[in-house]
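Trainee: The primary structure of each chain is shown beneath.
Number of protein chains: 2
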Amino acid sequence: MIKYSYNQFIRGEENMDASNPLYENQCIHVEVVVFTVDEGKVKTLLLQRGVGPFLGEWIVPGGVVFNNESIDEAAVRELEEKTGLKKVFIKQFYAFGEVNRDPRMRMVSVAYLALIDMHKVDLQHMTLKTMDSKWCDIGDIPKLAFDHNQICDRALEELRHYVINSNIVKDLFYKQFTMPELQRVYETILDRKFDRRNFRRKLLSLGLVEKTGGIEENSSHRPAEYYRFVKDEYEEIDIF
Amino acid sequence: MIKYSYNQFIRGEENMDASNPLYENQCIHVEVVVFTVDEGKVKTLLLQRGVGPFLGEWIVPGGVVFNNESIDEAAVRELEEKTGLKKVFIKQFYAFGEVNRDPRMRMVSVAYLALIDMHKVDLQHMTLKTMDSKWCDIGDIPKLAFDHNQICDRALEELRHYVINSNIVKDLFYKQFTMPELQRVYETILDRKFDRRNFRRKLLSLGLVEKTGGIEENSSHRPAEYYRFVKDEYEEIDIF
Numbered sequence: 000m001i002k003y004s005y006n007q008f009i010r011g012e013e014n015m016d017a018s019n020p021l022y023e024n025q026c027i028h029v030e031v032v033v034f035t036v037d038e039g040k041v042k043t044l045l046l047q048r049g050v051g052p053f054l055g056e057w058i059v060p061g062g063v064v065f066n067n068e069s070i071d072e073a074a075v076r077e078l079e080e081k082t083g084l085k086k087v088f089i090k091q092f093y094a095f096g097e098v099n100r101d102p103r104m105r106m107v108s109v110a111y112l113a114l115i116d117m118h119k120v121d122l123q124h125m126t127l128k129t130m131d132s133k134w135c136d137i138g139d140i141p142k143l144a145f146d147h148n149q150i151c152d153r154a155l156e157e158l159r160h161y162v163i164n165s166n167i168v169k170d171l172f173y174k175q176f177t178m179p180e181l182q183r184v185y186e187t188i189l190d191r192k193f194d195r196r197n198f199r200r201k202l203l204s205l206g207l208v209e210k211t212g213g214i215e216e217n218s219s220h221r222p223a224e225y226y227r228f229v230k231d232e233y234e235e236i237d238i239f
Numbered sequence: 000m001i002k003y004s005y006n007q008f009i010r011g012e013e014n015m016d017a018s019n020p021l022y023e024n025q026c027i028h029v030e031v032v033v034f035t036v037d038e039g040k041v042k043t044l045l046l047q048r049g050v051g052p053f054l055g056e057w058i059v060p061g062g063v064v065f066n067n068e069s070i071d072e073a074a075v076r077e078l079e080e081k082t083g084l085k086k087v088f089i090k091q092f093y094a095f096g097e098v099n100r101d102p103r104m105r106m107v108s109v110a111y112l113a114l115i116d117m118h119k120v121d122l123q124h125m126t127l128k129t130m131d132s133k134w135c136d137i138g139d140i141p142k143l144a145f146d147h148n149q150i151c152d153r154a155l156e157e158l159r160h161y162v163i164n165s166n167i168v169k170d171l172f173y174k175q176f177t178m179p180e181l182q183r184v185y186e187t188i189l190d191r192k193f194d195r196r197n198f199r200r201k202l203l204s205l206g207l208v209e210k211t212g213g214i215e216e217n218s219s220h221r222p223a224e225y226y227r228f229v230k231d232e233y234e235e236i237d238i239f
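Protein sequences, first through last, are from chains W and B.
Just so you know, numbering that gives the first Met the number 0 puts 198 at position 199 of the first sequence, and the rest follows in order with no gaps.
Just so you know, numbering that gives the first Met the number 0 puts 91 at position 92 of the second sequence, and the rest follows in order with no gaps.
Watch out, some of these pointers could steer you wrong.
To be verified - In the DSS-like style, the derived pairs of lysine-lysine whose C-alpha atoms are separated by at most 27 Å in a straight line are:
id, chain 1, residue 1, chain 2, residue 2
1, W, 142, W, 86
2, B, 90, W, 90
3, W, 133, W, 90
4, W, 201, W, 133
5, B, 40, B, 230
6, B, 201, W, 201
Unchecked claim - With the C-beta cut set under 10 Å, the calculated list includes, among others, these residues of chain B facing chain W:
id, residue
7, 67
8, 72
9, 76
10, 95
11, 97
12, 221
None of these hints come from the bench; they were simulated from the model.
All values derive from a computational prediction rather than experimental measurement.
Every residue, glycine too, gets a C-beta built ideally from N, C-alpha and C.
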């Protein structure tokens, strides 16, 4: 039943009411696809549902947007609830809005991605709605609930764009690193090889990284120099 | 009041109900920022609201997503209702989700952009909710209702990315064109100048355009050759 007050009518106000069957029971969700790099593999964070629908199946972290927060704030909150991580850089990449993608309500998911150091994460294995969580090699992702396989695939595609066009990789390194360590991360995410000298020259000439002045300690081979990212903030820059 | 049936409870189903105050009265909108190039200017389509809120103020075309259509389908429908255009290529670019961006309901807008030939458009100047419409030079956009200035600004930024990284400009040319006409369009959208010979060489070497074999008729100067885009479908390609 559409409610439309006389006051609205005389002010010429458009009639919008949540009980209009054309658009009743709509709901806004966020998903956060979290990537890390570990032992030469790109991995993503998956949660096992502890409630139905899809009880026991795997999903990417996400949840409903509350009415007192922006969609960005909701994504940050969800990420913190599921990983304990605060102040993580997240990037919105796509809204998923097929008609029947969620059996509970008409749900549009605005999807974000983050690239983080898994060792900084205090993973919650069991919460009110989750019975387990794990870092899953992107080559081994199982059939996920809802349209989350599609969300994962798109997130990985976008991550590769951002790795090429920005300094987002810094989010994996909260301190110094050696050039071979950095190169391995780029090679893993982009699934290609770089020439060692060209790689080093490129990143230095772009002003993306700089030497810290320190060198590797306790090295059995010739100790490598340490580097750090020049900027703390996310920055767009064409790397390759 | 949250409704939660016994059957849901014994199946372990998550309680989701549109009357939950945390997320009640949410609604999904789409906006379509339509650009064209005309007389050396980039212009965007604006509508004047014929209903409140913001009666008489200007907005970009958009509307509520119906429950029986995907967000992409909603964007296509809105564009057709406002311009008469069917089968236009649209590109989703960002979801806007601040808390109070719409006074009627909690509204997230998924925004799309399109680049079209304004001469193919059968503009609707007056509809149920619109009292006027116009093509507005992007340098002269007035203060718009809601957060639509922000949506316009972002759309223009994204359009420039797509013009550099894809063949989206083809959507402005439904038939043949001369190389100077094409160059003028790129220069207008990107707000920069290109060397005439380099521009021509670049677009040909990328296989983006090809000669039709025809030449300009009724030309007072040396007649220019006609070109067309090689592909009909949207394609990502680094142009500049």
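Trainee: Decide, hint by hint, whether the structure agrees.
Mentor: Taking the hints in turn, this is what the structure says about them:
Restraint check for residue 142 (chain W) and residue 86 (chain W): the C-alpha separation of about 30 Å exceeds 27 Å, so the hint is violated. Among the hinted pairs, residue 90 (chain B) with residue 90 (chain W) is consistent with the structure: their alpha-carbon atoms are about 18 Å apart, no more than 27 Å. At roughly 22 Å between alpha-carbon atoms, residue 133 (chain W) and residue 90 (chain W) fall within 27 Å of each other, so this suggested pair holds. Our distance criterion of 27 Å between C-alpha atoms is broken by residue 201 (chain W) and residue 133 (chain W), whose separation comes to about 35 Å.
About 26 Å separates the Cα atoms of residue 40 (chain B) and residue 230 (chain B), which keeps this hinted pair within 27 Å; it holds. The hinted pair formed by residue 201 (chain B) and residue 201 (chain W) meets the criterion: a straight-line CA distance of about 25 Å does not exceed 27 Å. At about 7 Å, the closest approach between the beta carbon of residue 67 (chain B) and any beta carbon in chain W falls short of 10 Å, and the interface hint on this residue holds. This hint holds: residue 72 (chain B) has a C-beta 8 Å from the nearest C-beta of chain W, less than the 10 Å allowed.
For residue 76 (chain B), the suggested interface contact is broken, since its CB lies about 12 Å from the closest CB of chain W, more than 10 Å. With its C-beta approaching chain W no nearer than about 8 Å, residue 95 (chain B) sits inside the 10 Å limit, and its interface hint holds. A distance limit of 10 Å between C-beta atoms decides the matter here; for residue 97 (chain B) the minimum to chain W is near 5 Å, and the interface restraint holds. The interface hint given for residue 221 (chain B) is broken, as the beta carbon of that residue sits about 39 Å from the closest beta carbon of chain W, more than 10 Å.
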